[in-house]
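S.K.: For the record, the sequence lines run as chains A and B.
No gaps in the numbering here: position 252 of the first sequence is 403 in the numbering used here, and each next residue is one more.
No gaps in the numbering here: position 208 of the second sequence is 771 in the numbering used here, and each next residue is one more.
These aren't lab readings, by the way, just hints derived from the structure by calculation.
Quick caveat, the model's predicted, so the values are computed rather than measured.
Be careful, since some hints might not be right.
As the list claims (entries may be wrong) - Quick partial rundown of chain B residues pointing at chain A, CB under 7 Å, derived from the structure:
#1 GLN646
#2 SER797
#3 TYR800
#4 GLN806
#5 GLU807
#6 PRO808
#7 GLU822
#8 GLU825
#9 PRO828
#10 ASP854
Ideal Cβ placement from N, Cα and C applies to all residues, glycine included.
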Amino acid sequence: MKRLYSKIAISAVVGAVLAVGGFGAAQAQKVKRGGILSFVVGSKIPSYDGHVESTFGMIHPIRPFYSLLIRINPDNPSSPTDFICDLCKGKVPAGADGGKTYTFKIRTGVQFHDGTPLTAHDIVATYNKIIFPPKGIASSRKAFFKMVESVSAPDDFTVVFKLKFPSGAFIPSVATPFNFIYSKKDLDTRGYTWHKKNINGTGAFSFVQHQPGSFVEGKAYARYHHIGKPYLDGFKAISAPKMALRLQAIRGDRASIEFRGFPPKARDDLVKALGDKITVQESDWNCVLMFTPNQDRKPFDDVRVRKALNLAVDRWEGSKYLSKIAIVKTVGGVVFPGHPLAATEAELVKLTGFGKDIEKSRAEARRLLKEAGVKEGFTFDFSNRAVDQPYKVVGTWLVGQWKKIGLIAKQRVQPSGPFYNTLRKSSDFDVSIDFNCQSVINPIADVTKFLGSAGNNYGNYDDPVLEKIYDRLLRAETESDQRKIMREYENRAINEMAHLGITLWWYKINPHRSYVKGWKIAPSHYLNQSLDQIWLDK
Amino acid sequence: MAVASEVQADVKLDELFPAKPWHAVAIDLIRRYPLGAAGAVIVVVMILMAIFADVLSPYDPEENAFEFMLTPPGLQFWMGTDQFGRDILTRLVYGARTALFVGFSCAFIGAFTGLVLGVASAYFGGRFDLIFQRVMDVFMAFPLIIMALAVVSIFGTGTQNVIIAITIPFIPRCARVVRSSALAIREIPYVDAARACGFSDARIILRHMVPNVMAPFLIMISAFVGQAILLEASLSYLGLGVQEPTPAWGLMLQGGAEEYAESAPWVAIWPGIAISLAVFGFNLFGDALRDALDPKLRAQ
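Hey, can you work out the whole structure from these sequences and the hints?
M.R.: Here it is in structure tokens:
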């Protein structure tokens, strides 16, 4: 056992060194060119269109074919504020005109994989599709750009974003990895849905083939605009829905890495079996598992019942034990833990259900239930997603927590498709597992999840007070103002109304073959997936 | 004729066939069908486990006890604990309830429905029999697990839907076997006599034909229980059966097999053994029942 721990410690140290020393260290090691990176992906590709999809099943195999206007710094992906230009030139611009105008200078000489030269008009057409989609065209991140008034191109290599009001959420929104830059020609001539089934980007790799349910293959793009990259000859994204399969693929060296994350036991097994051939990188994860009471249904329209559901959950004990068997760990509020806008522990323990005296919380929960007329043994339907990590593990834990205040949750587990249908369309649930997984850490955009008006909120409620607080938050200019208003927002959403229940924030563990160099873990499984900086030390 | 009557009147049946005490009958059966007896023991133990689960188990099968998570087998937890700290022995004992409830429900509902439909099909014959058998052919064209998966995907998961999913494919299987026996019975004169007496079709089917196809029916039931337990475990393993935290063997296997096969193998081994033993037990018992009820096999 001691040997195992020492192996894990060594791997973690190696990972940490990579994370801290980073790319500079990797370059000092002298980059080796060539080779094919094989990696496993645990989810299907619903379509190739980044503007529509929200799943890592699409991002991991498809992102390498595309570029963004700006992106997180691949050498420092943990930073929520370190952005660099991808298709723009120089530094990421600061806002002019009191923070209401952002002017991006675009690189020259960039070509799409079909040979079409890239200009500012392609970027304008792309962002107009994302921010102002025509009726009937889906855009999953339209709400991120509430502050944008217009996007225009005064010349072929300049893009100007005009904002309605200054907002700190703008630049992180632009860096969202789903904002693939499409060719205006494709959008104009082939339509806004063409990219669902076709690929034409300016990314580090060009598309070779996709065998549905099997793999996606890409080869290095010789005219890639980051000169000298990519280092790889190509990549192969292998579809492997079962975790055991993904684990065995890495163990047997049929795949080098999985970019989403494994639970601690899987990490331990790999380290035990492969020793220093495995490097482990770990990070907090901008993803939180929640539960959503359906306020269209009784008794969940009663705030006392929703508060009781929250009070029953011992998050501090859950963090201690669930972190050993699941990909969750950190106790946090509405904002990604550790971010300057996040609640401190002292602030957190004041929130409903975050107190450290669980017996007191549960006694209060029982009192509230009694007051609301909910009897001991009340049974309700609890909808969950048929994905072990972390949904089923946390779901089973929640069932046990609610039982402690006399509530019986009947867990109904469904595969992803029917689960989403229940959550998003039919709304046929009493309480459902829910999540808020975002890419770039952008708390002001990320917390929209709690707004009844948000496209990804399924609680069936309207809370004008919360909407007003959010509007103030969106317009707050200084960090201290943002922080103050964020506490108000958190207090309203969790303490006063208990609209949604936060469980635990995820924790990302990426064990990978040690010969995979240049990739650094980010606090999101959507980030840092261009693969242009990865090389194989074989 | 008169002599014969006198002889019958003088000799008592008990003297001709002296009754054996129950333990002698049991020993006789064990000698004749040792494997069947072993199967019966397994079945009886399972039933007792299911009935007395509350008494046998010192722990709550559903309550998480994280301080004991993944404890290896030992004095406190004979079969160890799972990732939620729940005692595996307790969950196995309670899991027998789920297995038997699903097994017997599916077997009885499926077999009884198949029995009535099969006998009715044989009795009425003609176009009804022709059309009904083609419908049965369609159902029987699908393997059991595929049919069950299709039904679960329509109705959803959960114990009730699992019972429906497993019962539906059992019906045509039982109906087909029972029909072949009933076809022979239909030709026996007493059925004609009953019809001549003006008995209703329902009375002829239920009171005169059904009791005469009981032997294959009972054998089908015993086989169905084992198959239903296996199917329930398979569906639960695939995440389509009963759901956590309900103790069910297939679910226990699913929860532990993938992640803890190496570091905590007991999580997957015990439910695997339980499923194998239960199916083995019911199959042995069913085979012995077939041998005992089939005159040809009994003579051999």
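S.K.: Run every hint past the structure and note whether it holds.
M.R.: Against the structure, the hints come out as follows:
no., hint, verdict
1, GLN646, "5 Å, holds"
2, SER797, "15 Å, violated"
3, TYR800, "12 Å, violated"
4, GLN806, "5 Å, holds"
5, GLU807, "4 Å, holds"
6, PRO808, "6 Å, holds"
7, GLU822, "5 Å, holds"
8, GLU825, "5 Å, holds"
9, PRO828, "12 Å, violated"
10, ASP854, "42 Å, violated"
The earlier numbered hints that this structure contradicts are 2, 3, 9, 10.
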